[in-house]
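Participant: Chains as they are written, first to last, in our numbering: chain B, 113 to 359; chain S, 253 to 490; chain X, 134 to 511; chain W, 39 to 352; chain C, 793 to 1081.
Keep in mind that the hints were calculated from the coordinates and are not lab data. Warning: the hint list may mix true and false statements.
[To be verified] Result set (DSS-like, lysine-lysine): computed pairs, CA atoms no more than 25 Å apart in a straight line:
id, chain 1, residue 1, chain 2, residue 2
1, S, Lys-280, S, Lys-311
2, C, Lys-847, B, Lys-184
3, C, Lys-880, B, Lys-125
4, X, Lys-441, X, Lys-405
5, X, Lys-276, X, Lys-414
6, B, Lys-216, C, Lys-880
7, C, Lys-880, S, Lys-383
[What the hints assert, rightly or not] A few chain C residues facing chain W, derived, Cβ under 10 Å:
id, residue
8, Ser-851
9, Val-854
10, Leu-858
11, Pro-861
12, Ile-889
The beta-carbon is built from N, C-alpha and C at its ideal position, and this holds for glycine as well.
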Amino acid sequence: MLELKQVTAGYGKIDVLRGVSLEARAGEITALVGPNGAGKSTLLRSISGTVVSAAGSITFKGIPLSGRPPHKIASMGIAHVQEGRMVFGSMSVEENLLMGAYLKDRRGKIKESMAFVTGLFPRLRERMRQQAGTLSGGEQQMLALGRALMMRPELILLDEPSLGLAPLLVDTIYSSLETLNREGLTILLVEQNVRRALTYSQRAYVLENGEVILQGRSADILVDSAVTSAYLGVPLEGEDRLIRQSL
Amino acid sequence: MNLMIIENVSKKFGGIAALKNLDLAVEKGRILGVIGPNGAGKTTLINVITGYEKVDAGKINYDGKDISKLPPHVRARHGIVRTFQIPRCFAGLTVLENIMIPVLLRHSRGEAERRARSIAERMLLGDDLHKQAETLPVGGLKLLELARAYAASPRILLLDEPMGGLSQDRMEPIIRLIREMREDGLTIILVEHVMKAVVALADILAVLNFGERLAHGRPCDVMKLKAVRDAYLGEGHA
Amino acid sequence: QETFRIGAPLPMTGAGAAFGEKFKKAYTMAIDEINAKGGVNGRKLQLVIDDTQAQPPLAVTSVKKLVTSDNVVALIGGWASGVALAVAPLAQELRTPYLLDHPALDDITRQGNDCVFRLQPTTGMYSAALEDFLINVVYERQKKPIKAAYLYVDNAFGQGVAKYGIMPFFKEHSDRFVLGVCEAYSEKALDYKPLLLKVKNASPDVIIFTSYLTDGILLGKQAKEVGLTAKLVSGTGAGHSMQDIYEKSGGAVEGYFSSGPWHGDVTSPAWKKWRGDWEAKYGYPPGEHEIEGYVAIQVLARALESVKSRDVVRQREELRVGLKRTTMVTIFGPVKFENFDGYTNQNRAYNLTALGQWIGGKLYQVWPKRVAERDPKY
Amino acid sequence: MKRSSHRDLVALLLCLGVLSLLPAVIDTRRMPYLFDVLFSVNVAVLLASSWNILGGFAGQVSFGHAGFAGIGAYAVALLPHHLQWSPWLSLPFAGIAAMIAAILVGGIAFRLRGPYFALSTLALAEVARLVVEGWRSFTEGTQGVVIQQKPLYLFEADGALFYITSLWLAGIALLAVITIGQSKSRYFLHAVGESEEAASALGVDAWRCKMSALLPSAFLAGMAGGILALHTGFLDPESAFSISRSVEPIILTVVGGIGTALGPVVGAVILVPACEFLRSRFPTGHLLLYGVLLVVFMRFMHGGILGMVRRKRL
Amino acid sequence: MLLSSLVINGLFTGLIYGLIAVGLTVIFGVMRIINMSHGDIVMLGMYSAWILFEKFGVSPYVSMFLTAPLFFLLGSLIYEILDPIPLKRREMSSLIITLGISFVLATSAMLIFTADYRTVTLPYSQRVIDILGTRLGYPALISSAISLVLMCLFRLFLSRTHIGRAIRATAIDRTSAALLGVNVKRISQATFGAGVVLAGLAGGVLAPIYYVYPFVGSNFIIKAFAVVVLGGMESVTGAIAGGLILGVAEALGGAFLEHSLKDIIVFVLFLGVLFFRPTGLFGGRERNR
Ligand SMILES: Nc1ncnc2c1ncn2[C@@H]1O[C@H](COP(=O)(O)OP(=O)(O)OP(=O)(O)O)[C@@H](O)[C@H]1O
Ligand SMILES: Nc1ncnc2c1ncn2[C@@H]1O[C@H](COP(=O)(O)OP(=O)(O)OP(=O)(O)O)[C@@H](O)[C@H]1O
Ligand SMILES: [Mg+2]
Ligand SMILES: [Mg+2]
């Protein structure tokens, strides 16, 4: 569905991505992991058009995306949830959600989308009239995600969706993502919680220093011991025991 | 000995009670972990302790004195230093300059630069010293937030989700670093959703829910509680 | 030099630009006429305008440029009193004759500057005819103390009329007149109704305004709107004696009086001819500014006749002496610069003011009796 | 850093010294207009640098510098008016009066951020103007005050004296800018300008920090207003507090390069004579040309002249 | 009696202040551009009303809507100048650019229309209506009513329509808005156009009750700023409230203080409000996190 070939992109003169090729297949969840500063967010940005790629090609359903402004790309059915919860702070929660349905052909289904999103995040329903900027960090994250779902996208780019969310809620979100995915939503997921990302995705890419150093089926990568130690981290002393005790 | 005692603190926003008659205490040289569902009032707690929000009722005792009337910068000078959940770097300054700001309050420029450099090294920011802060990725910003707060010579450090967004290769050294800080006598209040870090760091754990204290005690005890699991952890959290 | 250059620091841009434009037209017309007749002593006159934006600090720079870089033989105009207050001492310092044709604040010719001349009456004189009318007609008819209200624009001109004209009058005649509401108002307000309501509330017999044009228009319109009436409403020249105030207020000032400088004998053939020439050239009837500007150039031209030397510094001194000696009669009335009552080089002949009244869209001179075109409607 | 600060200082003094000799070379009496324009440039540098301290270094964009300049001007005008002093002697009081006003302003306006701050300073300047207009018995109101330009001791109050005084005042302003630019407080100012919350979380007293920029800024603006009033010889509220006096330093600084010590100088040296040239050449149309100049300039050089010439931070 | 008259009168004038300020609010709120040429655009609005009235006898209350597209075009053109400037620089650069535009507009008007003062005198200019014992002229009444309607409509437009919400969203965060499918450049341009149209309309309602000359813009710019800040930038409701407060404060101040000092009341009130609500009456507040 989405295909990147040898994409080079960056800010000013500095290239952050250096010849990245990647594919997100229709109906799949594709995970993108890697250390801080690897260029994961930059990659998502170059897909959604907020960073202009310098070389290479990006195609969505066979249509080239390079050179298109972000709003055009959005109207093709690609939603991008940025890192850092960029909600419209001085607008109400409801208005934020309605903004998700800004595109003309999405406006017809506002009611259903709204019901779906508030079903997913009941907290948002309680806070419909609250100013988005006064929500707690996690609430804002829910709103950002909900707003993107209001777009009814075909492909959603998620930049660390679990950041700042309580564990219980992370579970909820991931199971909803799974459901959505089963209903046909294609997902490209950037996540620091590598174990979780690999568990829920079908395919995964590991990005380091702007290059793809590893790719394959998520399940395979999850059991690769080299990757496990580098990206999942060795358990800290006592950690295992504590966690086991607490469960 | 308790360094910070929060007594019966309440804070309302319109109809929403962000904190309700909250009692908490942190012992000197210990790490108090604070967890709780989103919107439970954790950030609000940090805001009232550091003076960014006024309490509606209750007392905040620090080192034997009530500080609830002092403005934020005075509290900071008394050693109560925080980080922000959403990083607030000085966008136009470099990483090094960002860290130098609090040091400059006490030292000459040369000395400040020296100290800032060494802090940056310890906080894994050594390669980014001369980058403009606004160009840092999320992970870098989190580190910068922490480094800057540490540079302000805190006696008690209030960390609002310092680990969120950090990759594994950084989280582990940072956890180690925070432990070292505690060993140097620093008191820490750690608000965090990354359970791995909470478990690894907290001496005492407090769980907030709807602005109230749901549980309090040793992490392993607290995390076993059904109420905590239902409200916060869920089942497969690790 | 083959020409006599005359420097005019004027507001060509900014809020006073309308006035700068009026004087520019007046000067140009007079100079063109003089030059068409061969100039003065065979030398043509040339006008050099510099924009002051009616800001004294800019005017100072302007004048220095006009005097030292453009080598003007005289300065003229200035429009606003504030600017003239800054220009006058500078003209004195640079020993360049400065002929004021409009700035009216008394203080300008009271500083003993022998290079500064003023053609027109001072603010203190504007209300003379009105005062005369108030005592001899209004009071005589009523025979009991008369309640008055006075509103004046808060700038140098308004303050001048208030301080040297209206207020001393009411103080002196406090047995016959009671001045109730007496206020300065800001010139650029959108809404004067609160002020007018306050006046209405005091129900005075006599209302006096000292206004420019725009504020005068709004005051007239809005007085109608709030239903403010009195036995006598009068302006003191400036805005209230300009044709525009009648037309642009939609006739709201019908019946208003206006006490101001005598604009010459408006019935004389010379005046009528000039008025015709002006309308032919510019397409609208001249008002006080146009007459003042036009006459000022004529006065300068007459005085320049006594200038013989070629060196501009000497010329200026000769011109100063020439102005001092000038006695002439213009369409605006007689001109002679005298020292009296603390004034220096002030045209005393203009100590004559007249009271006009707007009747049917025209300002008729109605008082004093000697110069009246018709009887006042009172 | 130490060495560079010495170098800047020496360069500045050298420039001032050389420029001070100008009246010895060119007779001011023969070319008062030239010296008037130079005086205007100096005052513009003074005012713009003063604005730059607050707007460029502390990130607090003020729309109210006319207020400080006006208060300074009135100090110069009223002290001699009421106490029969030499107006020259009252010149320092221009700065002091403005500084006193600044303490009041800071108390009110520093609660506000960004455009709210900017526009509240505009309002404060208006309040100052209205007070001066209303307090007639003390200030002569809208009628204005004439300032007798008595000579200063042995010197005559001529173009040379004004030129040199304004030159050195501008020099002092630059010195202040350079000092601040090379001191620690530069960092604090910048930090507070970017995020007050973050700065105070680290122990920086944002209010005092901003005040430490406002006070010198107000002092210098007061001096600018003072010397300008002295030069004009007449003062009225309309021109003393004219909004264009608030706007001019912003134009000069932004066009020259905001937040750089030389920005205001470059802006003033280019724009003031250009403006004067246009005004004297095209008495009616000059503002049109000036407007076009500004638009074209900023459209293509949005970083200011210095920003284009060299990309130097802070 | 006097008091009620003053208040009613102040409210009506306040509505006009509100309309003058709304355009400024919108442009500031969305673009973070302090449009220094706002007053001059009001001036153009007044001139166009005057011209159409003098030459073709069209009432300003009609012509203001006829010329609205031209003002939209003007606004879009001005935006074209500003658009290429990087966002970070825009705040200061746009200040200078719009100031330059202000000079250009005022001087052009002077060269075209001369510096003379002009007024529009409608056939019913002198007609007066009595509202609760307060006499109000027809033009003042109509102007205020139109202002109120326009502001309310615009407010509804911003809060109830998709485009309106997109305008506000763009104001807050351009990138996020773009990612939701908003063409931010077009929206910004349209918003600037709308702000300029509102200024032009303000000129239309002012024409019958005020006078116009090329530099008249400076007469209301400070007041307009005061209204914008008082209400809280970017809030239309705030602009309405700010205008009303200003109108009433002026009316009372003008009656109980000397008229020329009435503005002291206005500005002291203004500063007082800001002191307690640093982001204006209806301004948004960000929380600390
Ligand atoms: N606006 C910018 N200007 C210049 N450089 C930038 C900018 N944004 C990011 N970078 C640089 O690009 C590199 C990659 O950043 P990116 O945000 O894509 O990383 P990331 O993989 O998402 O990291 P994280 O996990 O911390 O979010 C970093 O080195 C960063 O410094
Ligand atoms: N200014 C405000 N106005 C209204 N509600 C507010 C305000 N500030 C906070 N709240 C509400 O108070 C509650 C507590 O917020 P707080 O930020 O303290 O939560 P938190 O525990 O830090 O959550 P998270 O883990 O998501 O960051 C939230 O429901 C939030 O919406
Ligand atoms: Mg990232
Ligand atoms: Mg929080």
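Participant: Hint by hint, say whether it matches the structure.
Facilitator: Now for the hints, and whether the structure bears them out:
| no. | hint | in the structure |
| --- | --- | --- |
| 1 | S:Lys-280 x S:Lys-311 | holds (18 Å) |
| 2 | C:Lys-847 x B:Lys-184 | violated (47 Å) |
| 3 | C:Lys-880 x B:Lys-125 | holds (19 Å) |
| 4 | X:Lys-441 x X:Lys-405 | violated (34 Å) |
| 5 | X:Lys-276 x X:Lys-414 | violated (50 Å) |
| 6 | B:Lys-216 x C:Lys-880 | violated (31 Å) |
| 7 | C:Lys-880 x S:Lys-383 | holds (18 Å) |
| 8 | Ser-851 | violated (31 Å) |
| 9 | Val-854 | violated (31 Å) |
| 10 | Leu-858 | violated (27 Å) |
| 11 | Pro-861 | violated (24 Å) |
| 12 | Ile-889 | holds (5 Å) |
Violated hints, listed in ascending order, are 2, 4, 5, 6, 8, 9, 10, 11; each of the other numbered hints is respected by the structure.
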